[in-house]
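What follows is the residue order along each chain.
Number of protein chains: 2
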Amino acid sequence: MVEENVSKLIRLMREAGISTIVSFNKYNVYYMTGFKPIEGVAAILSSNNQQYLIVPRLEYSRALEESKATVIGYSKYKVDVEPGERIVFKDLLETIFKVLREEGFASEDVGVEYSRVSYKTLKKIIEFLGEDKVKDCSEIFVRARSIKSPSEIGFIEKATRITEEGLKAALDAVSPGIREIDVAARIEYEMKIKGCRTLAFESIVASGVNAALPHATVSEKRISRGEVVIVDIGARYMEYCSDLTRTFIAGKPSSKLRDIYHAVLEAQNAAINAVKPGVKAKEVDEIARNVLREYGYGHLFIHSIGHGVGLEVHEYPGLNSENEKPLEKGMVVTIEPGVYVKGYGGVRIEDIVVVEETGPRVISRFEKSIL
Amino acid sequence: MVEENVSKLIRLMREAGISTIVSFNKYNVYYMTGFKPIEGVAAILSSNNQQYLIVPRLEYSRALEESKATVIGYSKYKVDVEPGERIVFKDLLETIFKVLREEGFASEDVGVEYSRVSYKTLKKIIEFLGEDKVKDCSEIFVRARSIKSPSEIGFIEKATRITEEGLKAALDAVSPGIREIDVAARIEYEMKIKGCRTLAFESIVASGVNAALPHATVSEKRISRGEVVIVDIGARYMEYCSDLTRTFIAGKPSSKLRDIYHAVLEAQNAAINAVKPGVKAKEVDEIARNVLREYGYGHLFIHSIGHGVGLEVHEYPGLNSENEKPLEKGMVVTIEPGVYVKGYGGVRIEDIVVVEETGPRVISRFEKSIL
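These protein sequence lines are chains A and B, in that order.
Per my numbering, residue 54 is the first one in the first sequence, and the count goes up by one each step.
Per my numbering, residue 54 is the first one in the second sequence, and the count goes up by one each step.
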């Protein structure tokens, strides 16, 4: 996987005329090296495929195991070093400068992510390299990561299978009297034993009035009979995220709820069917929004129709009314219309779709009839 | 809690001569407003205590519920708005500029966190306000958050009680044949139903050779008889973190393991006893390191002795050999010596200590005999 990613990055670096990129971002470091950073990590990649991974001294052994890049450990303070260990007694930035200088990377253009790196850090990099040498390479990562390789899609599918196990646990658990947090505990237990090491995001189990808030997460509220329960969860697999939502009912739905549910489902189907290479992101949003407007729920659909999914649960492309850019083959996006009624509840249904040559391929399979 | 935090920030703002601060950081926004951000959120605080919370339109209702600040929603794209809602059709930064201008904050010094805000964003803020008006306020947050109020300490204690339930579940689960990930699943289930909505960090259940890596997290490896198992976990409560480590044995410890265990425990006790206001952070590290050196394990203690704990699991102060600053009353820190033997295993023991007037108060209670 890392080799494919690196090739893609190098191609984009050459197109942009950038010789070397330095990233501090945990997702991009993982994308470039296969090493999962905790904190204080950077990766360097040159367009002739020299790869460096710079990690705190305590991560040195793990980095050697997880990555094929040249690993350099750093420590701000003197510690005893074992023979053969490549440890620099400087801070992260000074260690990066040392590599850039010694490998000759400092004499050519160096790309850094202006939208990710802190002002303080980038100022120091500009001081070291000179203003004319430092370029913004944010777009290179956004672009590379937005088009998924078959192995990346495979990981998202696996994360989706695990997430569906979580939804099944939720469906089994939801009943009058149980607390939202207990439902979440069962979901997360099930996903964990099925191979999800970390969640893609904080689980949402929002019942009744809580379901009117799109980001309600969980509370100790008990679910009452007849209440709606929005379950929005995601597992990670090999660090790739899934993100699915189902809306369950603890008992029988009212006719109002049934009406909202069917409107949301119809909006979702219309949006999914619109997904294909070349269609503008905003068009997918507009199609769902129009369906909900016809039902009189347009003003209650208070977010966009979806987003890209990958190493981050929200990544490029945003499927919103401002994004004029076309969808492309290999993108993986969510389609998640929702209707939120203050003081009453809400309905959201979310699936994950791969943009294929011939149209949408929905990779989530969990049933969507009113449950 | 928020009122105390705000008073503390305002006092530090006045000392630094900064009239208004703007933060985009999720922890600092929560600290200032009580609202828990997902993404795209900012908070503004003036030294005469005007408080603004700027959130994406889909978070508007939740923000009104969670925070007493003046809430302003923003949306980059036109959406239908309900009567009474305060929604600006701009992006986050333009919405901030609107507030700064309309409230007269733009005419005085504005503090922004140079170490947290991206280069791209801060460049735009400097363009808007003028370079002489923008000040780095990173230190104000670091300083305010490093000294915990009684209510903050209470939340950390509650998070610690929940984490101890997780350790108990781990102790019950650890036995030859079980997978690390299954132990983690039971820990997290137990913590969740006891009120932990999110983890402070990714749980570590590292057995045998995996225990030689300080940040090994979990794998599908089965635990073998006689292996060491490092369990390093933390719950959050009201967003405040706990962070505890115990080292269990799946069976009987070897005499080598017993020797390492006692050295680590002795180092920990020595370091804990050194904690009091006025002692330099580096001295606490040095005391533990000296104990381990006496046992011949100095070169195997490859990280620092501890760190501050609060809204972030790692925050100021770092207790390492470089930090000359004194500990202060109200700081909450971990004390976590460890010894790591490549290809064999490791031992780490970690507790949380409040720096009180009279010395250390250890708030974690889970037993530490070899288990």
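Please keep in mind that the hints were generated in silico from the structure rather than gathered at the bench.
Cβ coordinates follow ideal geometry from the N, Cα and C atoms, glycine included.
Incorrect hints may appear among the rest.
Capping the alpha-carbon separation at 30 Å, the derived lysine-lysine pairs in DSSO-like fashion look like this [as the list claims (entries may be wrong)]:
1) B:Lys151 <-> A:Lys378
2) A:Lys221 <-> B:Lys274
3) A:Lys177 <-> B:Lys395
4) B:Lys335 <-> A:Lys177
5) B:Lys177 <-> A:Lys335
6) B:Lys382 <-> B:Lys79
7) B:Lys335 <-> A:Lys378
8) B:Lys177 <-> A:Lys79
9) B:Lys186 <-> A:Lys186
10) B:Lys143 <-> B:Lys121
For each label pair, taking beta carbons as the anchor points, the in silico distance ranges come out as [as the list claims (entries may be wrong)]:
11) B:Ser168 <-> A:Val134: 51 to 59 Å
12) A:Ser277 <-> B:Ser202: 30 to 38 Å
13) B:Glu118 <-> A:Arg64: 27 to 35 Å
14) A:Ser277 <-> B:Lys305: 45 to 53 Å
Okay, the hints, checked on the actual structure:
no.	hint	in the structure
1	B:Lys151 <-> A:Lys378	holds (28 Å)
2	A:Lys221 <-> B:Lys274	holds (26 Å)
3	A:Lys177 <-> B:Lys395	violated (36 Å)
4	B:Lys335 <-> A:Lys177	holds (27 Å)
5	B:Lys177 <-> A:Lys335	holds (27 Å)
6	B:Lys382 <-> B:Lys79	holds (26 Å)
7	B:Lys335 <-> A:Lys378	violated (53 Å)
8	B:Lys177 <-> A:Lys79	holds (24 Å)
9	B:Lys186 <-> A:Lys186	holds (28 Å)
10	B:Lys143 <-> B:Lys121	holds (23 Å)
11	B:Ser168 <-> A:Val134: 51 to 59 Å	violated (29 Å)
12	A:Ser277 <-> B:Ser202: 30 to 38 Å	holds (36 Å)
13	B:Glu118 <-> A:Arg64: 27 to 35 Å	violated (48 Å)
14	A:Ser277 <-> B:Lys305: 45 to 53 Å	holds (52 Å)
Taken one by one, the earlier hints fail for this structure at numbers 3, 7, 11 and 13, listed in ascending order.
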